[in-house]
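*Asks:* Chain by chain, the residues run as shown.
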Amino acid sequence: VTFQRSVDVGYRYWWTTPPTGANPVVMVDRDLVEAAQRGDQSAFVDLVRFRGDKLFAIAHRILRDVDRAEDALQDALVIAWRDLPGLRDPDRFDAWVHRVLTNVCIAQASRERRRAVDIRILPVDGPPGPDEFLGIADRDQLERGFRRLTPDERAVLVLHHYVGYGPTEIADLLGVPAGTVRSRLHHAHRAMRAALDAEARTAVAGGSSA
Amino acid sequence: MNQRSDVERVLSLWLADGPSIMPDRVVDVVADRISRERQRRRLPWRHNDMTLSLKLVAAIAAVLVIAVVAWAVLPPGRSPGVGGQGSTPSPESSSRPSATPLTYRWPGALAAGTYTTSLVWDVPFTFTFTVPGGWEGYDIEISRAGDPTRSVEFVLVDNVFADPCATTAMDPAVGSSVAALADAVGTIPGLDMTEPTPIDLDGATSGVELGYVLRVDAGCAPATFSLWDLSEQSFIAGAPQGGARKDLRASEGRMRILDVDGVRVVVRMTWEPSATGPLRDELQAIFDSIQISGPGPSPAPQPAP
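Note that the protein sequences, when read in sequence, are chains A and B. Here the first sequence is numbered in this note's numbering, starting from 1 and rising by one per residue. Here the second sequence is numbered in this note's numbering, starting from 1 and rising by one per residue.
FYI, nobody ran anything at the bench for these hints, they're computed from the structure. Some hints could be false.
To be verified - Taking beta-carbon pairs under 10 angstroms as the criterion, some of the chain B residues facing chain A (in silico):
1. 8
2. 31
3. 37
4. 169
Every residue, glycine too, gets a C-beta built ideally from N, C-alpha and C.
With the rest of the complex left out, here is chain A:
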């Protein structure tokens, strides 16, 4: 892997599937990270621009709210800037900033759960997704099921199914045993399956009574 200081390379490498056998984590513009570690604010802002979309998407998927995702991302990036000199291996920047962001999202989601136990589920905004497999009812049930999960379970689901980390990588990221990650994944899958099954039963009952 070669590292080049280039907007296109830094951006595109993260978003495209890496070459076979390559680890996307090493696709870091090392120059930018090292410059930011030395206090170069413009280098850090460049890093934010290159990786911001992905980080924002992660935050939104954990928190399920655009404003909260923005707040969490801003807080996480400021923490990342503050603590960046302590990052020993610049090649691990992406995993490291994912950890910072995930911890901020979990903390924020925990506060939200304490503040508002009853969450009103709003209709899903925006156009339908890329796959017609998911109907509106499915999405609604997924949204309800997801919001019932603990913040830790939400984070693990997103890191696994959206970012693509394996349980061992997530364990390293969050600083918990791999068994704990598998346990959270198992519970989250079971809860989401129950949510979808409930929707299926409702649909069947509605159909039979019609």
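Keeping the supplied structure of chain A fixed, place chain B upon it in accordance with the hints.
*Replies:* Positioned in the frame of chain A, the structure of chain B alone reads:
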């Protein structure tokens, strides 16, 4: 929809859908905020490439600091004794240090002196200990500058690992008593443990103390050896959320498993086998200086009227 693979596929599709463009204002806000936020500088003595001469200068400076502090703090005619294991502390040495406790900040270097801190525990405990110069403070442990293997950590333990290399938890999990944990530590493969001896820190905090050695034939490198699964209450929100801590390169240690107001607290010190006598004495002195205040005893059950 009942198949797990279906659920996972649905989740992947569902999560792929949603906003994926960061609003531009985030960049502006972050740029503004970091312009006012100072970076935490990495401590120079944490670098692995520290030269021998620098280490020598740091060691001499540390010795000088210790000497100056000892000269300034100790009353005339009193020599700085070091409480060894099993020694009976005098009334003077067991009392709270008269000097005002220093403010504990982590991560960072600790000035020589006495600290009273809750570390990052999420439960209301306070720990008081005295360190010489040359030590650093972290979230739940203190360690010798440049040598993280020589450390003292303060933890709440949920369970021990039946397989310390793969961090496989013991099943069923260890009980909540001091004796249960001491027994469980003795069953960890690849670990030789001394017989636990009863200790009583200050007449109110009792427990056991034991020593241990990680055997070379443990089956995993010491750097991948993990003793136990920590309680998340050992950490505040936002800090690392519990889990296993590797034993770095240290393969020897002593631990005190204590009952503090009904809560099982573990204080452990570790060192490398190559640590010399004076270095071990320094560690032991810190270990012996530790005092713990818990949240207070649980209220006794009241008889029914």
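*Asks:* Hints first: check each against the structure and report whether it holds.
*Replies:* Now for the hints, and whether the structure bears them out:
1. The beta carbon of residue 8 of chain B is positioned within 10 angstroms of a beta carbon in chain A (closest approach about 7 angstroms), and the interface hint is therefore held.
2. About 5 angstroms separates the beta-carbon of residue 31 of chain B from the nearest beta-carbon of chain A, less than 10 angstroms, and the hint is met.
3. Given hint, residue 37 of chain B at the interface with chain A, holds; its Cβ is 6 angstroms from that chain's nearest Cβ, closer than 10 angstroms.
4. At a threshold of 10 angstroms, the smallest CB-CB gap from residue 169 of chain B to chain A is about 6 angstroms, leaving the interface hint in force.
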